[in-house]
Amino acid sequence: MIDLKNVERSYKTGHTETWVLRRVGLTIKEGEFVTIMGPSGAGKSSLLNVLALLDDSWLGEYWFAGTPVHKLNRKQRAELARQRIGMVFQSYHLLDDLTVAENIDLPLSYKNLPSKERAGMVADILDRFQIVAKKDLYPNQLSGGQQQLVGIARAVVHAPALLLADEPTGNLHSTQAREIMELFRELNKQGTTIIQVTHSEENARYGSRILELRDGWLTRDEALQPASSEVGAQ
Amino acid sequence: MLTSILQDARYTLRQLRRAPGFAFTAISVLALGLGANIAVFTLLSGIFLRPLPYADSGRLVSIQLESANMPAGFYASVNYANMLQLRDALGGRMPIGGVFDSAMDSIVGPGGRVQVQQQNISASLFPMLGAQPILGRAFRAGENDPGREHVVILGEDTWRRLYNADPAVIGKPLTIKGVAYTIVGVMPRGFSFPFGEVEQIWTPQPLTAADHTSMDNDRVASGELYARLPQGMTVTQLQADLTRVQAIIAKQGTGDSIPTHLLVTGYQDQLNHEARKPLLLLYAVVFGIWALACLNITSLMLARAVARMREQAVRSALGASRIRLVQQSVIESLILSACGGVAGLLLAQASIKLLWHQIKGALPMTSAIHVDWRVVAGIVALTLVTALITGIVPALRASGRSVQSALHGVTTTASASQNRTREVLVVGQLALTLVFLVGAGLFLRTIDALRAVPLGFSQQNVLTGGVILNAGVRQLNNGSSTAPNIVHTAYMPLLDRLQAIPGVKVAALSSVLPMRAEFAVKISGELDHKKEPAGKAPVANGRLASAGLADALGIPMERGRFFNADDTPSAPVAVVINKAFADKYFPGQDPIGHIYSMGKGRFADARIVGVIGNMKQYDVTQATAPEVYFCLAQVEPGTPLYGIAGAFMQVAIRAAVPAGTLRAQFDRALHEVAPDATTTGVKTMHEAVEDSFGSETLTAHLLEGFAALALMIASVGLYGLLSFAVAQRTREIGLRIALGAPLQSILTLVLRRAFILVACGLTLGATLAWFAVRLARGYIFGVQVHDALTFAIVVAVLAAASFLAAWLPARRAAAVDPMRALRSE
Numbered sequence: 590m591i592d593l594k595n596v597e598r599s600y601k602t603g604h605t606e607t608w609v610l611r612r613v614g615l616t617i618k619e620g621e622f623v624t625i626m627g628p629s630g631a632g633k634s635s636l637l638n639v640l641a642l643l644d645d646s647w648l649g650e651y652w653f654a655g656t657p658v659h660k661l662n663r664k665q666r667a668e669l670a671r672q673r674i675g676m677v678f679q680s681y682h683l684l685d686d687l688t689v690a691e692n693i694d695l696p697l698s699y700k701n702l703p704s705k706e707r708a709g710m711v712a713d714i715l716d717r718f719q720i721v722a723k724k725d726l727y728p729n730q731l732s733g734g735q736q737q738l739v740g741i742a743r744a745v746v747h748a749p750a751l752l753l754a755d756e757p758t759g760n761l762h763s764t765q766a767r768e769i770m771e772l773f774r775e776l777n778k779q780g781t782t783i784i785q786v787t788h789s790e791e792n793a794r795y796g797s798r799i800l801e802l803r804d805g806w807l808t809r810d811e812a813l814q815p816a817s818s819e820v821g822a823q
Numbered sequence: 003m004l005t006s007i008l009q010d011a012r013y014t015l016r017q018l019r020r021a022p023g024f025a026f027t028a029i030s031v032l033a034l035g036l037g038a039n040i041a042v043f044t045l046l047s048g049i050f051l052r053p054l055p056y057a058d059s060g061r062l063v064s065i066q067l068e069s070a071n072m073p074a075g076f077y078a079s080v081n082y083a084n085m086l087q088l089r090d091a092l093g094g095r096m097p098i099g100g101v102f103d104s105a106m107d108s109i110v111g112p113g114g115r116v117q118v119q120q121q122n123i124s125a126s127l128f129p130m131l132g133a134q135p136i137l138g139r140a141f142r143a144g145e146n147d148p149g150r151e152h153v154v155i156l157g158e159d160t161w162r163r164l165y166n167a168d169p170a171v172i173g174k175p176l177t178i179k180g181v182a183y184t185i186v187g188v189m190p191r192g193f194s195f196p197f198g199e200v201e202q203i204w205t206p207q208p209l210t211a212a213d214h215t216s217m218d219n220d221r222v223a224s225g226e227l228y229a230r231l232p233q234g235m236t237v238t239q240l241q242a243d244l245t246r247v248q249a250i251i252a253k254q255g256t257g258d259s260i261p262t263h264l265l266v267t268g269y270q271d272q273l274n275h276e277a278r279k280p281l282l283l284l285y286a287v288v289f290g291i292w293a294l295a296c297l298n299i300t301s302l303m304l305a306r307a308v309a310r311m312r313e314q315a316v317r318s319a320l321g322a323s324r325i326r327l328v329q330q331s332v333i334e335s336l337i338l339s340a341c342g343g344v345a346g347l348l349l350a351q352a353s354i355k356l357l358w359h360q361i362k363g364a365l366p367m368t369s370a371i372h373v374d375w376r377v378v379a380g381i382v383a384l385t386l387v388t389a390l391i392t393g394i395v396p397a398l399r400a401s402g403r404s405v406q407s408a409l410h411g412v413t414t415t416a417s418a419s420q421n422r423t424r425e426v427l428v429v430g431q432l433a434l435t436l437v438f439l440v441g442a443g444l445f446l447r448t449i450d451a452l453r454a455v456p457l458g459f460s461q462q463n464v465l466t467g468g469v470i471l472n473a474g475v476r477q478l479n480n481g482s483s484t485a486p487n488i489v490h491t492a493y494m495p496l497l498d499r500l501q502a503i504p505g506v507k508v509a510a511l512s513s514v515l516p517m518r519a520e521f522a523v524k525i526s527g528e529l530d531h532k533k534e535p536a537g538k539a540p541v542a543n544g545r546l547a548s549a550g551l552a553d554a555l556g557i558p559m560e561r562g563r564f565f566n567a568d569d570t571p572s573a574p575v576a577v578v579i580n581k582a583f584a585d586k587y588f589p590g591q592d593p594i595g596h597i598y599s600m601g602k603g604r605f606a607d608a609r610i611v612g613v614i615g616n617m618k619q620y621d622v623t624q625a626t627a628p629e630v631y632f633c634l635a636q637v638e639p640g641t642p643l644y645g646i647a648g649a650f651m652q653v654a655i656r657a658a659v660p661a662g663t664l665r666a667q668f669d670r671a672l673h674e675v676a677p678d679a680t681t682t683g684v685k686t687m688h689e690a691v692e693d694s695f696g697s698e699t700l701t702a703h704l705l706e707g708f709a710a711l712a713l714m715i716a717s718v719g720l721y722g723l724l725s726f727a728v729a730q731r732t733r734e735i736g737l738r739i740a741l742g743a744p745l746q747s748i749l750t751l752v753l754r755r756a757f758i759l760v761a762c763g764l765t766l767g768a769t770l771a772w773f774a775v776r777l778a779r780g781y782i783f784g785v786q787v788h789d790a791l792t793f794a795i796v797v798a799v800l801a802a803a804s805f806l807a808a809w810l811p812a813r814r815a816a817a818v819d820p821m822r823a824l825r826s827e
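Each protein sequence line maps, in turn, to chains D and G.
Take any residue in the first sequence, note its place counting from 1, add 589, and you have its number in my numbering.
Take any residue in the second sequence, note its place counting from 1, add 2, and you have its number in my numbering.
Hints should not be assumed to be uniformly reliable.
Stated by the list, open to error - Here's a subset of chain G near chain D, in silico, CB distances under 8 Å, partners left out:
#1 16
#2 322
#3 325
In case anyone wonders, no lab produced these hints; they're calculated from the structure.
Model, not experiment: these values are computed from the prediction.
Where is the CB? At the ideal position from N, CA and C, for every residue including glycine.
Next comes chain G alone, as it looks inside the complex:
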């Protein structure tokens, strides 16, 4: 058996060497079909199939609280006392861990300065994850006690960069935001938490006695809660149990701020949730591309089988059994598929590399995306299935023919049924291609529609970036009025420096910039001191902004004014609302001069000075929610919104020059003001808008590529079929020419057949597409799934490509030399 397989393989390789055109075409088509599958499967495997690098990671869950006050997709953080109550309710069967603060730090070691992600965690987190340091130890239970929290564990990559992988690092001091810590451990290579971050460090969150008991979210530590699913319990059961417990906690708690709804999600599901829809759509598409490639190769193999009828007959006459003949054909298709698979793998890797920026922007868990045994197993399985599908049909047809007829030359050309089979395959290819083209067309129009949505702000020459000062978040959050005012020590000087950069028209700061959804604060206030019952009070997205923001982003003022230099700390507190707020809470009124109250003191009498135009916030497809802007210059330590200023601010710089050229100057200006400050996500507003399209852009790019691929494959299929038909009918065509047939009639002879096939393909494809596009309903925007223009353009493009594919063989037929054609028979 093995000998015969090797013999067939050797023979196949020799035949492929002798038919390089066929080999190249077949391997290229298979490489495209398999490569597209491998690329998407690599993404799927990394994001959905690869277990996270934690012990028994399938049992790791995230527990989130859903608050009625938060916009969709945002969750309330869980305070520590709430975490403990949920844990205790299950009788200690559910180990938990909390991640409280997350901050960017700039730290210095023998390896130089490194920007790291600091996570403040509970000491119970690492034991719950089943993670052990490779050097040193994990945190001890008491290290969350205030005063004992100055210990740090480094991520392996941080340790490598900062300490050049020095094994004697344990016990060494490390200064983080001016505070001395002692390094107590180094985590293993590849470990990260939250998953996917790089260059992390972990420090214990200081948890006071009040943190252990108080449910007042404003005063106690709160964060994200993770847990290990108790043995014998499913996610749904845990969700039901904890929801019951949370309802009791909310009932027993004081105030109405304790969320009653709770969501338990597998941690991996939580991470990959957003990728599910676009990746499944893409997988459906690449599956179609693979089917198209299989149809094409089967068609090619059928043509080849016709050309090899005599050989098959000789083998049969010399004793080859039908199974043996099939085996040979399958081995040939296996070798072609294997070559296609290897080429496809390379192609897939190159495509992923090429699209890495979009993939990283649109998909989660990208650090897990690489070729592993699952991808290799997938490639092998797909290659085998491809070989079977493309090899077995032609083999069965070829081996079932009459040996004596083939040997005696009765059948030197393909039979009518073989031609019919190939015609059906070509019609199938054209139909599938039309479906892909329609899909790609709809996505292209979606991207166009997204780009055409009025954003309410200008994208041109605006650079944006996050700013994290090195002031210590906890220090800022303590509400002390004696703390240094970072607005005056850092932000205002930063704005002065940015304004001084040549080419900068205006620079401004805001806690939230459009299309940069890093941060969300919902605030609830009173209008004109009217007390509303809980749940009826005006709720809006709260923002801090400096004067100049409206100019920097080009947002028009509907009424009144935006903040200006007169809005000083000593001036009356000014607020600006957006049009959505005005429409919702001041219908038919002029809001200017009304009072918006927030907390006590000066902010209880904030006066509305302007109504700014609506702008798109997180997503261009969503309606604008009410917003309230407070003036950055007026917040001070001790005022309600000062904590926001300390946590995170964003810069918007409008320039007279291309915005991208200002990155280095922005960085320099920030470090002049605050040497240890860090920037995050510096990008132009145009990039931020494009990134906000997320998976739509990636899907559209991939669909464009796949549709072009499909068009190419189907055109090659039609061309191949007609070329073969012309070659088969050379004698007949020669005879017709010899008998006086004009050029026109020969062209018509070939093109008429092509026309019928294309018409069938387009009709079938349009029918299929009519139903298939319903699957895309949830993915497209601004265009109807049955958009007539898209259908019409696609049909025209495919018809044109098909005509070209048919014209070349028709021309060849018309150029047949009658003398040679007749002599060759």
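Just chain D, with the same shape it has in the complex:
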């Protein structure tokens, strides 16, 4: 599904150039649950931004489901992201002035879908995530776990092929974190390819593969045995 060849990314600060990704090459197949790990500043989030098509200033080749992303212009990349990718953030990034239902509807509203169809999709996801009762609440009326649940619902409401999660449980306590990771596992079982960035070994064990970055270099690529459902989470 994803093919990266010699992807590099650097930032210029004055006269110095700092490399955050160095000749990264990797292939991720459809249905995989990949965890990207590494110490702070290793380039994890930079790689996730490249994969999420939020970053345009990288070098190399990026193939997404056979589409050469590196040859697309900004608008085409945005359209591809809109159709195929969902994002989950560590700080949830729910919009404070929108209700739960409206937050979930947000990515659909950018896809020019008829409002009736959108309302149906939002209702389905609310039902699936068992948050129907909370649909009219605002983010500040929810707990952190509930907010992240809404964040994931928002990310998957348009059934993306790829779900990217940046430290999705970083702001949650362990029980909530476990529930979120179970949800990811469930989504993965249903066919969604997931790539998460985490520091947590426990969370990593929910996935099928671990990538490790150090100083921008991909230093480890290891497949994991299928984990049991009792695995803990940070």
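Please build the complex by placing chain G on the supplied structure of chain D, with the hints as guidance.
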């Protein structure tokens, strides 16, 4: 598309509800900026854009004759024979209509007594205007023939008041100044001619055979000529053609009194001519106020965009295109602008209502001023442009930011370039404000200078008012020596009654009072029986006055005396000249005892008995022209100036009590003497002087208001910018305090930035103002456009207001709790 717009609108409304402070500030500033524009645009639309209520009104023209003998701004009336010759010269392609006499009448109907404006017109006027009565008929061609003219057409408002809108009014009799008329028609609602008058009636001007042929202005009917522009001809072409024709008419005519110059003006242009200059200046000012409001709101929206960076980034990450993000921002500014527009409309209406007295006094065509589709279209267009300007810049800046940086919290505060943009906007606001303040300052000083001009008369406790007797102008004008002498039957008894009112010191009558330019008569006479060639004879403004006028107005006598009780009809005719006359025609001589001849008989030997001081006549900025006063008590039916007495006289009452309190007694005294007489424009001399400033007072009041508005907007802008900067730097300020920074250094930190901005704003503003005030050169009086005092005061006021606006955020910065500031990060 529509769904997304509605969604964005809903979201915006919710956000505005949650940020009432921002919403209130933004809507208030927009309401002020848009309201000022709407107010002036309402005036502009009514006066310049709204077509007059006549068929194809753009082709209606006024034709005036310019006489060398008349003061600037006055035109000679056109006699009927001249009207016909001009019409015929164009081969009948130019329909014409004439308005001859205009008089105030007091008439009685089932609805009671109503004071109406009577216009004596030619029967051709209404067909030329394309106007049809709603009841009855227009005048027939033969109804201008003497003896057939006793028919009348009522204005709709007159009909409503006088006859309670009775549809059976046609054919009923109506007595006007003692003469029986038959009502033959009622004009439609809103129709008036001349335009803008209310409660009118129209009667045919009797036109004799001599009127059709004679060019002797003294003996035949003359009036104002209106015409419809021939098809395919412009005003300029008509002017050229008619000027040629008039030159031939003047050459063929007898005597030298036929004017050779002619002026053709579009009727609407003629009506709105005086309003053009002040309204265009005001529009330039309110345009500046609008620009100031836009700068302010853009600045506010930029600050808001910084606060909403994360939200924009999330939307972007979830698939919102740049256009969609811009759309949301523009919808937000559109909603704010729409709210501002509605509030501005209400504000504009309230301001117009509040200033209605000054507007009515200073501008023409005020009856056409109200909100119509043009004003609404203007508001909508301005609101849309405002929304685009104030929404698009912050939106483009916000949507162009790095999504990943915003999402990962790398950029939690405004970037240096965003701050710079806002600083530039604040400098712009301060600069524009300084320009407005300088403009307002110059106008205030103009009003002061106008008020300080020595008028030559006293304003204190003097009541003035026009008097129109119900004697019938034509009857008085016929020169018959057998007609009753209204001086003795009406004016002298009126003066006796006025004198008897408790508190009245002296009452006097004059055909013209200063600052009341309703009436002008130029006379040409001989001095000491010396025949001068045409054009060299002494020309002066002729006035009739009763004894006591000099005392009533407090005008000093330079030499000799004013009229007194000895100036009776049987005594030698006395005249008084003013100092300007003496200076011009008796340089270095004593004029007392010299002869001023006017016409034949007793007035050919009028003796100059006094020289009265110069006083300002129509306008305080103009030099005084020569004047000759004749004694009212000495004019009689048949004497040259008796017609003036019959047409219009004005009363001046000096009292020991405030003049305004005498209005009712004046009215009562007049009606005791002449029950059907009417008064016009009763006002104190002080009001007459203030009214004579006309558009200057209105412009000064409006500029004062606009300048105060600008000061407020710019102060809010500076305050907002510094408050935002303090909020952004809370952590830094907290850290500095934690590290031991004294209060003084924190205050300096904030105020130094404010000082730089204010200095830039004032420098830029002073430079702009230096050039902008040149536009005001034609509007100001008694002060130099680059008046140093005005500039200095304005700079000081703006600097003080700016300091206050900067001090509050600086105080807040100094009060930052270091523990909380550091914890919040």
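Hint-by-hint comparison with the structure:
The beta carbon of residue 16 of chain G is positioned within 8 Å of a beta carbon in chain D (closest approach about 5 Å), and the interface hint is therefore held. The restraint placing residue 322 of chain G at the interface with chain D holds, with a minimum CB-CB distance near 5 Å, inside the 8 Å limit. This hint is violated: residue 325 of chain G has a C-beta 10 Å from the nearest C-beta of chain D, more than the 8 Å allowed.
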